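Novice: Chain by chain, the residues run as shown.
4 protein chains.
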Amino acid sequence: MPLTTDQQNEIDSQQAESRPTRRATVPALEDILYQAIPVLDHGFVRVVDYMGDDAAIVQAARVSYGRGTKKMRQDAGLIRYLVRHRHTTPLEMCEIKYHVKLPVFVARQWIRHRTANVNEYSARYSVLDREFYIPEPEALAVQSTANRQGRGAVLSGAQAARVLDILREDAARNYANYQEMLNEDDAGNVIDPARDGLARELARMNLPLNIYTQWYWKCDLHNLMHFLGLRADSHAQYEIRVYAEAMLETVKRWVPLAYEAYLEYQLGGTHVSKTGLAVIRRLLAGEAVDQESSGLSAREWRELMTALDRDG
Amino acid sequence: MPLTTDQQNEIDSQQAESRPTRRATVPALEDILYQAIPVLDHGFVRVVDYMGDDAAIVQAARVSYGRGTKKMRQDAGLIRYLVRHRHTTPLEMCEIKYHVKLPVFVARQWIRHRTANVNEYSARYSVLDREFYIPEPEALAVQSTANRQGRGAVLSGAQAARVLDILREDAARNYANYQEMLNEDDAGNVIDPARDGLARELARMNLPLNIYTQWYWKCDLHNLMHFLGLRADSHAQYEIRVYAEAMLETVKRWVPLAYEAYLEYQLGGTHVSKTGLAVIRRLLAGEAVDQESSGLSAREWRELMTALDRDG
Amino acid sequence: MPLTTDQQNEIDSQQAESRPTRRATVPALEDILYQAIPVLDHGFVRVVDYMGDDAAIVQAARVSYGRGTKKMRQDAGLIRYLVRHRHTTPLEMCEIKYHVKLPVFVARQWIRHRTANVNEYSARYSVLDREFYIPEPEALAVQSTANRQGRGAVLSGAQAARVLDILREDAARNYANYQEMLNEDDAGNVIDPARDGLARELARMNLPLNIYTQWYWKCDLHNLMHFLGLRADSHAQYEIRVYAEAMLETVKRWVPLAYEAYLEYQLGGTHVSKTGLAVIRRLLAGEAVDQESSGLSAREWRELMTALDRDG
Amino acid sequence: MPLTTDQQNEIDSQQAESRPTRRATVPALEDILYQAIPVLDHGFVRVVDYMGDDAAIVQAARVSYGRGTKKMRQDAGLIRYLVRHRHTTPLEMCEIKYHVKLPVFVARQWIRHRTANVNEYSARYSVLDREFYIPEPEALAVQSTANRQGRGAVLSGAQAARVLDILREDAARNYANYQEMLNEDDAGNVIDPARDGLARELARMNLPLNIYTQWYWKCDLHNLMHFLGLRADSHAQYEIRVYAEAMLETVKRWVPLAYEAYLEYQLGGTHVSKTGLAVIRRLLAGEAVDQESSGLSAREWRELMTALDRDG
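Chains as they are written, first to last, in my numbering: chain A, 53 to 364; chain B, 53 to 364; chain C, 53 to 364; chain D, 53 to 364.
Some hints here could point you the wrong way.
Claimed, not checked - In silico DSS-like pairs for lysine-lysine, Cα to Cα no more than 27 Å straight-line: (1) D:Lys-326 <-> D:Lys-123; (2) C:Lys-123 <-> A:Lys-326; (3) D:Lys-304 <-> B:Lys-304; (4) C:Lys-123 <-> C:Lys-304; (5) A:Lys-123 <-> C:Lys-304; (6) B:Lys-304 <-> D:Lys-123.
Treat the hints as calculated values from the structure; they're not laboratory data. All of these numbers come straight from a predicted model, not from anything done at the bench.
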């Protein structure tokens with residue numbers, strides 16, 4: 053369970069409050085506002101604020117004075133048009149803020165997306181909690197031989213057990229040593245008054261990369277969908293993909309029309325290369341094409357055939 | 053008056069609505085939400101959405117689970133600390149969206165700030181309205197001789213009248229020719245069915261830079277204050293400064309604690325150079341310092357003496 | 053001719069110099085360094101500096117200590133892989149700087165791309181030259197009826213002549229009035245010593261949007277290709293597309309391997325939507341599909357058939 | 053020593069080469085191009101490419117056709133003017149690229165600066181080297197009591213020895229377990245052919261935050277100086293400050309005029325708050341002011357007195 057009782061109480065009390073506003077609101081998103089959606093063993097994603105809705109996209113696209121919405125059907129059409137033609141500026145008019153708890157090695161991938169605002173829990177200022185990501189055995193995959201940065205089959209039971217033992221023991225030992233260097237116990241009390249505590253900004257360097265951190269992360273809809281398009285992709289590492297998938301569900305609640313448009317034109321479609329396009333044309337003309345004659349690499353050929361639902 | 057009756061009605065009807073939300077709300081800002089604050093002769097700024105409040109800054113700084121506010125006094129202290137030490141990430145957690153109507157030459161300065169989202173009215177897609185910025189006579193200043201990009205004294209009455217005539221006549225003529233090229237009158241009807249209308253994306257090139265455009269502009273609090281710090285500054289061109297000043301008032305309503313902190317540490321303070329600091333030290337030591345012996349340029353000396361309330 | 057003799061001399065003398073460097077160099081780009089490539093009637097693009105080459109992309113991707121290049125064939129393969137999988141960070145390690153002269157209405161579209169550095173000629177500080185974009189008659193197109201932001205057929209001769217007269221006359225008159233307000237003639241001399249000159253920052257507002265401005269514009273390769281992908285596209289306005297096309301030629305000289313990869317995977321390919329993919333699958337299965345049964349809009353259907361080289 | 057012989061050879065051979073270029077060159081920077089400047093125990097910073105020089109700033113500020121430099125003295129004056137008035141766009145026209153080797157916990161602070169391009173060594177793709185930051189004993193400081201995110205006195209000898217033992221042992225053990233999970237030894241050979249190796253993207257999570265990583269990092273001069281201003285500051289953590297200080301030396305070689313201007317107006321000066329300014333005015337008027345009557349907090353008072361070289 054990723055939350056303590058105190059934390060859950062704070063969330064519940066915040067969710068129980070309600071105030072009037074003249075701004076656009078999205079009841080389906082308000083329903084889950086502040087709630088922690090569990091991800092991995094100790095992580096979560098929760099929406100803590102949002103700005104705008106589908107109509108706000110339309111309003112910005114028309115630079116209108118009022119809500120500016122026309123019929124639902126017309127709004128959907130305009131949003132599809134914007135997404136299809138990469139007219140992204142109106143989509144940037146919606147903003148969402150998440151509170152995320154995640155392992156540091158995931159945070160290191162995530163932060164590479166520079167078009168968001170981030171405020172991370174500071175291990176210079178505070179002591180990190182004793183929470184480490186320990187994968188489920190079925191997530192313990194062998195190094196892929198086909199793809200240098202991917203995973204292959206799942207480890208056998210005995211081997212998986214050995215890996216989990218290592219991860220658990222090293223995490224426990226490093227954290228205990230972190231506390232010893234800080235000279236501070238779980239309750240925040242001094243362990244040995246005769247000793248000094250090492251500065252937090254130094255002691256943290258002993259913690260392994262599977263320790264959990266947390267941050268507030270804020271992003272506009274366009275850049276969020278770009279991020280999710282890359283991170284919900286099958287090539288992304290499993291441990292970040294599960295965050296992206298949980299966030300996609302919140303987007304679906306928030307801006308259902310934009311979500312559908314992204315699914316149609318970005319996430320659900322595919323980019324076909326110049327050579328790939330030529331292959332499709334030849335196939336449609338009834339020509340027999342195989343990988344050798346296609347001009348595509350083996351991997352490109354395989355991916356195109358998969359996209360076209362063919363055996364290849 | 054910058055708004056038509058239809059536009060005002062749309063604004064009024066939007067402002068009359070109210071919905072419940074679990075998000076942070078700011079009643080003082082809700083009071084003026086959607087309302088057009090007049091700027092220049094036909095321009096305006098209006099807040100159309102916002103995310104977060106002073107407490108959201110504190111919440112992000114503490115990466116907390118609930119509202120996380122402590123006593124008002126402590127919150128104010130934390131926000132001052134953040135602004136003073138340029139720990140800007142928690143300040144980026146607040147976002148505001150404006151609808152702005154402004155002359156094109158002002159828009160061209162404004163857009164240089166790249167850390168905002170902008171969606172501008174498209175003159176490729178739509179016909180621009182016949183609205184031009186014609187300065188008040190007291191804004192018609194002579195080219196400054198001291199500062200190559202500044203203004204000096206106000207033009208004399210007769211000279212000002214001549215300038216205003218030019219601006220009005222050229223705007224009227226160019227707009228009439230814009231309509232003739234479009235082959236479209238004020239009501240959007242075809243003028244001469246025997247002629248074709250030039251593409252809007254071409255016809256617009258005949259319009260002068262004082263025509264009004266409009267956009268939705270969205271920015272986080274930190275980058276907004278950086279923008280306002282530069283544009284509400286006395287070195288900024290008057291025509292953009294009046295927008296910045298109107299926006300500062302909305303910030304004061306929105307996040308009063310952050311506003312005060314910016315006033316104390318950024319807008320109201322001054323940056324003293326290395327040499328300027330040496331001058332102050334010498335003055336405090338009772339030494340007589342003049343511009344020649346200061347190591348400062350004449351302009352730097354003058355600005356330092358002004359900041360220190362001295363004759364120089 | 054977009055350049056004065058003085059300007060051409062300055063360019064020539066800069067191009068005549070040569071110095072030794074230990075940095076990566078690209079002889080094919082050095083050949084045209086500083087040279088103005090004419091665009092439109094008075095505009096140009098010229099490369100004034102660059103950083104990196106194809107090998108620098110490989111070097112960054114491998115985070116290597118030396119030049120790190122392997123065989124040409126392997127480098128090309130790696131670059132293709134990076135572009136295909138949108139691993140853009142190594143591509144951002146190349147940077148290029150242009151000096152561009154362009155009409156203001158083109159500059160206003162261009163500046164919307166925020167991921168570049170820009171330094172524009174200041175009309176607050178200096179007087180703009182008397183140079184206006186006057187289209188070739190064959191560029192004077194009728195407003196498209198199919199596409200609200202596009203062009204249709206070319207205007208007839210008489211109508212084109214009338215448009216050109218308007219553009220020329222309004223430009224001449226507005227510029228003359230600009231000079232009168234400035235009280236400054238072509239040579240920069242005071243016209244009438246008995247009058248004051250209006251501040252430059254005010255007088256410029258009388259100039260139409262087809263006046264030329266100029267800027268230094270600097271961008272990394274990845275963001276440049278994103279910009280060129282949008283602006284060399286057939287949906288882009290002709291007047292910006294010609295700049296994008298001229299710049300594509302400089303990219304081809306600079307990083308030929310990356311250029312080919314972008315052509316293969318971005319510019320020369322196409323994004324197929326989820327529904328479009330389903331259509332291709334049905335066609336490959338031998339099914340007869342028309343627009344009605346496709347689930348695509350008329351425009352989407354037309355574009356997909358064009359991409360597939362079919363009549364539709 | 054941070055480099056292997058192979059790496060040093062690669063650097064030397066790259067530095068031995070020289071090619072002609074028409075671009076601006078900076079001999080003082082070419083002298084150290086590619087050379088690793090040691091930082092911490094295994095880290096380094098090395099300049100691997102650069103674009104522009106002091107004259108390029110002047111050239112961009114004037115949007116000129118040729119080198120555009122006037123007398124050295126005038127160029128220095130213009131650059132000082134730009135830095136002083138925060139006219140940063142011409143300063144963004146210079147770009148520099150570094151190869152940096154640094155501990156992961158330092159990389160996590162560094163990456164928060166979003167206005168740079170980064171390409172990091174991938175631990176999904178490759179195996180990390182066995183190199184960990186182990187501080188010098190004199191860098192092992194006690195947690196500060198005055199400043200929650202700072203350091204106090206240095207740890208005593210025995211306590212420091214204990215901390216160093218922990219850091220060394222945990223690093224060694226976690227790395228050995230990393231290799232066991234990968235089933236790969238130092239030479240990259242399989243340890244036990246009967247076992248599978250865990251995917252690299254998973255095994256890395258066992259490594260502590262003091263392991264070294266490396267990246268290519270590219271930034272424009274303005275954003276670089278902003279970064280260095282924050283990270284060379286006395287409030288910054290020592291382990292990142294030493295990188296910032298090493299980089300400042302490279303800036304001094306690269307753009308000496310801009311460096312001097314930043315020293316004068318940014319790094320060497322100080323920002324005085326509104327209240328601080330009032331205090332200086334009162335002091336200059338001969339008034340006795342102490343912290344209580346100043347309106348400043350104890351910490352603000354102390355910092356102002358330090359800046360003014362007074363006892364307080």
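Novice: Starting from Lys-304 (chain B), check that the Cα of Lys-123 (chain D) is at most 27 Å away, please.
Specialist: violated (47 Å)
Novice: Given the hint that Lys-326 (chain D) pairs with Lys-123 (chain D), does the C-alpha gap stay at or below 27 Å?
Specialist: At roughly 39 Å apart (the allowed maximum being 27 Å), Lys-123 (chain D) and Lys-326 (chain D) break the hint.
Novice: Regarding the pair Lys-123 (chain A) and Lys-304 (chain C), is the alpha-carbon distance no greater than 27 Å?
Specialist: violated (47 Å)
Novice: Starting from Lys-123 (chain C), check that the Cα of Lys-304 (chain C) is at most 27 Å away, please.
Specialist: OK: Lys-123 (chain C) and Lys-304 (chain C) at ~20 Å, within 27 Å.
Novice: Does Lys-326 (chain A) sit within 27 Å of Lys-123 (chain C), going by the straight-line distance between their CA atoms?
Specialist: holds (25 Å)
Novice: Assess, step by step, whether the Cα of Lys-304 (chain D) is no farther than 27 Å from the Cα of Lys-304 (chain B), and give holds or violated.
Specialist: violated (42 Å)
In the structure shown, a violation is registered for the earlier hints numbered 1, 3, 5, 6, in ascending order.
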